[in-house]
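Chains R and A supply the protein sequences, listed in that same order.
Note that our numbering numbers the first sequence so that position 292 is 341, with each residue one more than the last.
Note that our numbering numbers the second sequence so that position 215 is 264, with each residue one more than the last.
These aren't lab readings, by the way, just hints derived from the structure by calculation.
Computed from a prediction, not measured in an experiment: that's the story for all the values here.
Heads up, a few of these hints could be off.
[Unchecked claim] Chain A side only, calculated, beta carbon under 10 Å to chain R, not exhaustive:
id : residue
1  : Met93
2  : Ala167
3  : Asp172
4  : Leu174
5  : Val198
6  : Cys203
7  : Asp214
8  : Met216
For glycine and all other residues, C-beta sits at the position ideal for the given N, C-alpha and C.
2 protein chains.
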Amino acid sequence: MIFSDREQQEILGYLDLLRGEINAKLDEYTNFGSRCPKSLSEPMRYSLLSPGKRFRPILTLLACELSGRTRHHALPAACAIEMIHTYSLIHDDLPALDNDDLRRGQLTCHIKYDESSAILAGDALQCYAFEVLSKHVFPKDTAGRCVAVLPEACGPCELVGGQADDMAWKESGPPSLEFLESIHHRKTGSMILAGLRMGAIIGGASHLQYEKLEEYGRNYGLAFQITDDLLDWVGDEETTGKRVRKDKSQGKLTFPTFLGVEESRNRAHEKVKTACDALDMFKSDSIVYKSLVGMTQHLLDRRK
Amino acid sequence: MIFSDREQQEILGYLDLLRGEINAKLDEYTNFGSRCPKSLSEPMRYSLLSPGKRFRPILTLLACELSGRTRHHALPAACAIEMIHTYSLIHDDLPALDNDDLRRGQLTCHIKYDESSAILAGDALQCYAFEVLSKHVFPKDTAGRCVAVLPEACGPCELVGGQADDMAWKESGPPSLEFLESIHHRKTGSMILAGLRMGAIIGGASHLQYEKLEEYGRNYGLAFQITDDLLDWVGDEETTGKRVRKDKSQGKLTFPTFLGVEESRNRAHEKVKTACDALDMFKSDSIVYKSLVGMTQHLLDRRK
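Bound conformation, chain R alone (with noise of 0.2 Å):
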């Protein structure tokens, strides 16, 4: 799908706009005041609130809205998500795991603060998705929808265990492109298509909408893994904010490192293809489609 240049900014505020919304909300979220120790909160926000894309929640907002309800009741859901997504960035950037220092263009949250409070940070951000979940979703049986997909998306099975098999992948067998796809899956897939089911639910989706947003987010999360191996080939850490050229001297398991740097952008090519694919169904003239397409779209031209 080809945009025009008008059309393109209109796709672009429109993202702005979600984005400041869900940061507004993550502030609110999180203004604990004496309720929580400054020690806690402080890195809570300073890594929640730092300058992320958060595509994820976006993610979230726009399924409600082709689903059929207006974004706001998808917020909480939105930032639930993006605290999940936030507090293992924290934990994974820890010395013990990738040993990072550089974040969104910002010191990682143990070098800003220190070990134990990345530790605790994380900790509670990962709780307080599911009470944000718990408490700000309506009505209560949509929020019980809610509780029961996200949970597993991050859990042992999930996320965890998809970082789980990042860090010792050596351990289980020589490595294959399927094993890879599995790790992503987990690691990176997972989330996204959490955040799709839920802004589905919140948003009222058909049985057949609630599909075909699946099998958006299955592509669309491998189309977003393979770019972002690409961008730690081939990218720069002005621009992307964050450390590159580490999966390689660390040994990690890549696309580019399977596929070269070629074969894997013919890759990201296809998925991007195939999700928009999948959103054939809610085609029309609205901001909200033509934003998700675009964003899709947007992965294969990816600086940071």
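Since chain R is already given, all that's left is putting chain A on it; use the hints.
Leaving out everything else, chain A in the frame of chain R:
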């Protein structure tokens, strides 16, 4: 309340029975098979299935039975409480936090495995607790009410906030007994209360029953923490299964620091009495009631 030798044996037998049921369910829930990498499930199970006292999940089962339903309804919630407790122990024992090498009579998770495994095992256990609650508590609206109770209790204003203040209390001004009680309420009391609340919700407690179990829990929590502080002063490693005399060397706030050993013992006696008095409305000759009272009185003879 004074129990005969025979009653005491009955109580110990009943608590052993409950402990066995909890252990079997924890084992069952974490039998992930190939869905979860061994590098993650092994440290999770190592810590979770270690010989803990299980008093938190036992309280959940007893609260459910006192409120009128059989205890198997509350087993998922009891296991969720134990998972959260175990995750918090694994993370608290990390070098960046309390730096402990012994727990429940065995090596701590990061010593047995490594730091990254311990961080991820803790993360996964926290998340999995919510999955177990949302999937295995029935009916669904009861699961929803439980999911509204648990995250708050282990979130930034309770469990993790208490731990953060325990680490950094020196930044919060001159220590006071009130502040110490607030740390302990958040670190220990909030999870005990959450377990009792979930047990009461699942058991279908009346409003008054719920309030009385809360009153019991608040007093039990403080009595538990005072006796825990005393154990660090007067206990031995072989019996407690963890390092002792660490609080003083690490400059932690404890009850004996403020009150001395004798006055702390008096305070524990007082809390145990108030806790048991709060259970008056449940008074009966049933093994459930007697076990709860017996287990509370037993705090005063704690050796571990």
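Okay, the hints, checked on the actual structure:
no., hint, result
1, Met93, "holds (7 Å)"
2, Ala167, "holds (8 Å)"
3, Asp172, "holds (5 Å)"
4, Leu174, "holds (8 Å)"
5, Val198, "holds (9 Å)"
6, Cys203, "holds (5 Å)"
7, Asp214, "holds (5 Å)"
8, Met216, "holds (6 Å)"
In this structure, none of the earlier numbered hints is contradicted; all agree with it.
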